[in-house]
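S.K.: The lines below spell out each chain.
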Amino acid sequence: MKNLKSLNLVIASITAAALMTFAPIPGAGQEKQKGGKGKGGPPGGEQYGPYYAAPVTAGQPVGKTPDGQPDMQGFWTPRFNQAIFEIQDHPKAQPGIGPGKGAIVDPADGRIPYKPEAAAKANDLLTKQIYLEPEAHCFVSGVPHAAYQQFGYQIVQPAGYVLFLTEYAHTYRAIPTDGRPHISSNIKLFRGDSVGKWEGGTLVIDTTNQNGKTWFDMAGNFTTQAIHVVERITPVDTNNISYEAVVDDATTYTQPWKIAGQIGRHPDKNMELMEFACVEGNQDLIHYTEGVGGKAKEKGPLTR
Amino acid sequence: MRFHNAVICSLMVVAPLVAQTYRAPRTAEGKPDLQGIWQVMNTAAVNLEDHIAILDMPAGRSVIVDPPDGKIPYRPEAAQQQKENFKNRAKADLLNQCYIPGVPRVMYLPFPLQIVQTPKYVLVASEFAHTLRMIYMDGSKHPGDVDFWIGDSRGHWEGETLVVDVANLNPETWFDRSGNFHSDALHIVERFTRTEPDLLTYEARIEDSKTFTRPWTIRMLLYRHREPNAKLLEYECNVYLEDAAKESR
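In order, the protein sequences belong to chains A and B. Using this note's numbering, read the first sequence as starting at 1 and increasing by one per residue. Using this note's numbering, read the second sequence as starting at 305 and increasing by one per residue.
A few of these clues could be false.
To list a few chain B residues with every Cβ distance to chain A over 12 Å, as calculated [unchecked claim]: (1) Pro372; (2) Tyr378; (3) Gln385; (4) Pro414; (5) Ala429; (6) Ala489.
No farther apart than 20 Å at their CA atoms in a straight line, the calculated lysine to any residue pairs in the SDA-like style are these [what the hints assert, rightly or not]: (7) A:Lys213 - B:Glu381; (8) B:Lys424 - B:Pro447; (9) B:Lys424 - A:Asp89; (10) B:Lys395 - A:Gly281; (11) A:Lys213 - B:Lys335; (12) B:Lys535 - A:Phe75; (13) B:Lys424 - A:His266; (14) B:Lys535 - A:Ser185; (15) A:Lys128 - A:Ala93; (16) A:Lys121 - A:Asp89; (17) B:Lys335 - B:Lys395; (18) A:Lys213 - B:Leu537.
Keep in mind that the hints were calculated from the coordinates and are not lab data. For clarity, every value in this text was computed on a predicted model and none was experimentally measured. The beta-carbon is built from N, C-alpha and C at its ideal position, and this holds for glycine as well.
Okay, chain B solo, but in the shape it has when bound:
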C-alpha cells in the first residue's frame, strides 16, 4: 500500500510537466479556451482526505497532493473541531440547508459546471442551486472589508494556466461533507489548466494560518461532458428542502 501511494504521489508530481506539452485552443482574444461543461469524477465532496465508505458516502482517495501524506495539516485544536464537525455534520454542514457552497467546494460537488469566457470575465456557473462564480480578469483588486459565501475571485493568465486569487470568503462554509473546515483567514490560489482537450486539471492552494500549520494543496481532474445534448439543468436545493419538510409533517 505504501508503495502504491508512492507511485500515485510521483504521478501527481509529474502531472504539471505533462501539462506543458498540450496547448489549448485559443479564444478570440488569444487566451486558452477553457469553455465547456465540466465535472469531477471523484469523492472530494465527501472528504478531501483518504476515506473509507460509510452509509451514503462512498470511499475515495485523498485529493491532497501537498503535504505528501495526503492529510490536512490542522493545528491541534482545529483537528479537534473537525472531529466535532463530523459528528454534527447533519445539522452543522450548511450545504444541508442549501447554502452557497463556497470555494473550492463548489468545484467538486457532484454537479456539472459550465465555464464561459469573455475578455473581462471567466464565469463558472454550477448546476447546484444556480451558483455563480465571477472571476474578474481586468486586473482589479479584491474589495475591502466584506465577505461573500462564494468569496471574491480575481484571475490572470500564466501561459496555459488560469490563476485565480480567492479572498473575502465567509468563514461558515466547509470543504466537504466530513467537517473539514477553515476560518475567516482563508485565502486560496487556484490554477486551472486544460491539460488535454477534454480534461481540466484543477489545483487549489489553501492557506489559513488560524486553522492549519502550513498551506496545503488539492489537485484533481475535471472531465468535459461530451454528450451532444449536454446542458446545465437546475438543482434548486432550497425548494426540495421545503418539499421534504412539508412531506415530513
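Chain A with its partners taken away, still in its complex shape:
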C-alpha cells in the first residue's frame, strides 16, 4: 500500500497543478480557462460560499434543432439556491454547510416529507456518517442531483437524444427521446435509467432504476432504489431554462415532493468543458477529517 500511496500523491500533485480543484471550494467561481493553473484550497472555514451562477439575462425565442427539438444546446449553470449543499431549507448551520435555502417547493415548508424512520436515517448520516457523502468518494450523482450539479453542464442534442455533459467527474447523462421503454428493473445504476419525451416545449424525463447509493446533496439526504423521478425541463428563451422535478417513493416519503430551479446560459461564448478528473488524486475526504470533526480517518473507506 505504501507504493500506492506515494504514487497517488505524485499523481495528485500533478493533477492539482494542471487542473484539479476541490469540490466544493469556498466561494469559488467556475471561471476556469484552458491553460489556467487555478487550484482550490482546502475549506478554510465552516461555511461554503455560493457556486458560480450565470447572471439572469433575457434571451431570444427558443430555436429548433434539425430534428425539431426545442434547442437548449450550450453551457448552463443551475440556480437552485444552496441545494448543492442541502436540498432542504436549512436555516441552521451544519458541519461544513452554512445556513441556506434548498430547492423544495412542495411541501411548502421546504423539507423532504420523510417517514419517521427515514428521517432518523438521514439525521444519522448527517450527524454521524458524513464521511459517506458519495461525491467525496467521486461517485457519479443520481437524478435529480445531476440537474443542480456543481460547475454546471453542457447540453448537446443529437438526433433522438438529449445529453447532459457535466464537468464534475467528467461524466455524462444520455437521455433517448425515441419512445423506448425503461430497461429491466433488475438493473440498478448510479444514474438510473432515463427516458425522455417532448411535450410541446417541455422535455419530460422519467427516471427509474436508481441504485440508492447516491444522495440528493452533501447533507445526508439519501436516495433509495425505489425513487421515481419525473423532471420537466422547459426552455423559456435562449438564455433561460425552467426546471422542476417530482420525487416519489411511497416507502420513504409521506407524499411525493417537488423541487424547482432555474438554469441560466453561461455568458462566456468561448466556454469549453474542462476535465474535472475526480478519482485521479481525490483529496476530498480530507474535508471530513480535518477541521469539521469527521470520522473518515477512523472509519472511511480508502482514506489516505
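Chain A is fixed; fit chain B onto it per the hints.
M.R.: Then chain B, alone, in the frame of chain A:
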C-alpha cells in the same frame, strides 16, 4: 507462420482501398453518420503487440500495422522501461486505480462506447467509468499549456473519414495492461471510417519522439451492437474498487 503474417499484413494494407467503396449514410448536415453503440472484438487492451496468454489475459494478434513487424518501435531505454512497467503492472497501471484511460486506450477497452454527432461535436461516450471524449469539429485549435487525462481532440472530415488530432495528453496513461507507455510528447492522429454498415475501421498514428524511434500505427475494427435493446449502462470503477477494499479488510 511467416507466410501467415504476410497474408494478414497485405490484407491490412488493402483495407483502406476497400473502405472507399462503401459510402456511409449521412447526418442531417451531410456528414458520414458514425452514430451508434460500438465495441472492439480484440485483445488490444491486454497488449497492442502479438502476445501469448497469461493468467487472466488472453492471447491475441498485434493491432500494429506499421511498422510491419507489428512491434512498437521503442528507443532502447524506453524498451527497458516497458519491461519494468510489465513487472509492476498491478500497481503501476493507473487503470487498476480507475483513472481515466486516455487515448487511444479508451477506444479498445472491453466496454461499449456510443458515438453521437452534432454539427459542432462528435462525442464518444464510453461505458467505462462514464468516460467522455469531446471531439471539436468547429475548426478550433488545441489549448495551450495544459494536459488532460483524456487529452484534447479536434477533428475534421476527409471524405468518408473522421480525422482527429489528439494532443494535450497526460503522460501518466498507458496504451494497454502490458506496460506499453508514452511520454508527454505523445501526439495522435486518429482516423474513423465506416467501412461497412456495422463496421467502423479505427486507426491511430502514434508519435512521441522521446519514447519511439519513429511514428507507428494501430488499426482495428469496431463492431456495431445490433441488439435491439442495446444501451450504455455503467461501470463505476472507483465504486467497485472501494467495495473490494472494504471486503478485504
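S.K.: Each hint needs a verdict: does it hold in this structure or not?
M.R.: Hints, verified against the model:
no. : hint                : in the structure
1   : Pro372              : holds (36 Å)
2   : Tyr378              : holds (23 Å)
3   : Gln385              : holds (16 Å)
4   : Pro414              : holds (19 Å)
5   : Ala429              : violated (5 Å)
6   : Ala489              : holds (16 Å)
7   : A:Lys213 - B:Glu381 : violated (46 Å)
8   : B:Lys424 - B:Pro447 : holds (17 Å)
9   : B:Lys424 - A:Asp89  : violated (40 Å)
10  : B:Lys395 - A:Gly281 : holds (15 Å)
11  : A:Lys213 - B:Lys335 : violated (41 Å)
12  : B:Lys535 - A:Phe75  : violated (25 Å)
13  : B:Lys424 - A:His266 : holds (18 Å)
14  : B:Lys535 - A:Ser185 : holds (14 Å)
15  : A:Lys128 - A:Ala93  : holds (16 Å)
16  : A:Lys121 - A:Asp89  : holds (18 Å)
17  : B:Lys335 - B:Lys395 : violated (43 Å)
18  : A:Lys213 - B:Leu537 : holds (16 Å)
Checked against the numbered hints above, the structure breaks hints 5, 7, 9, 11, 12 and 17 and satisfies the rest.
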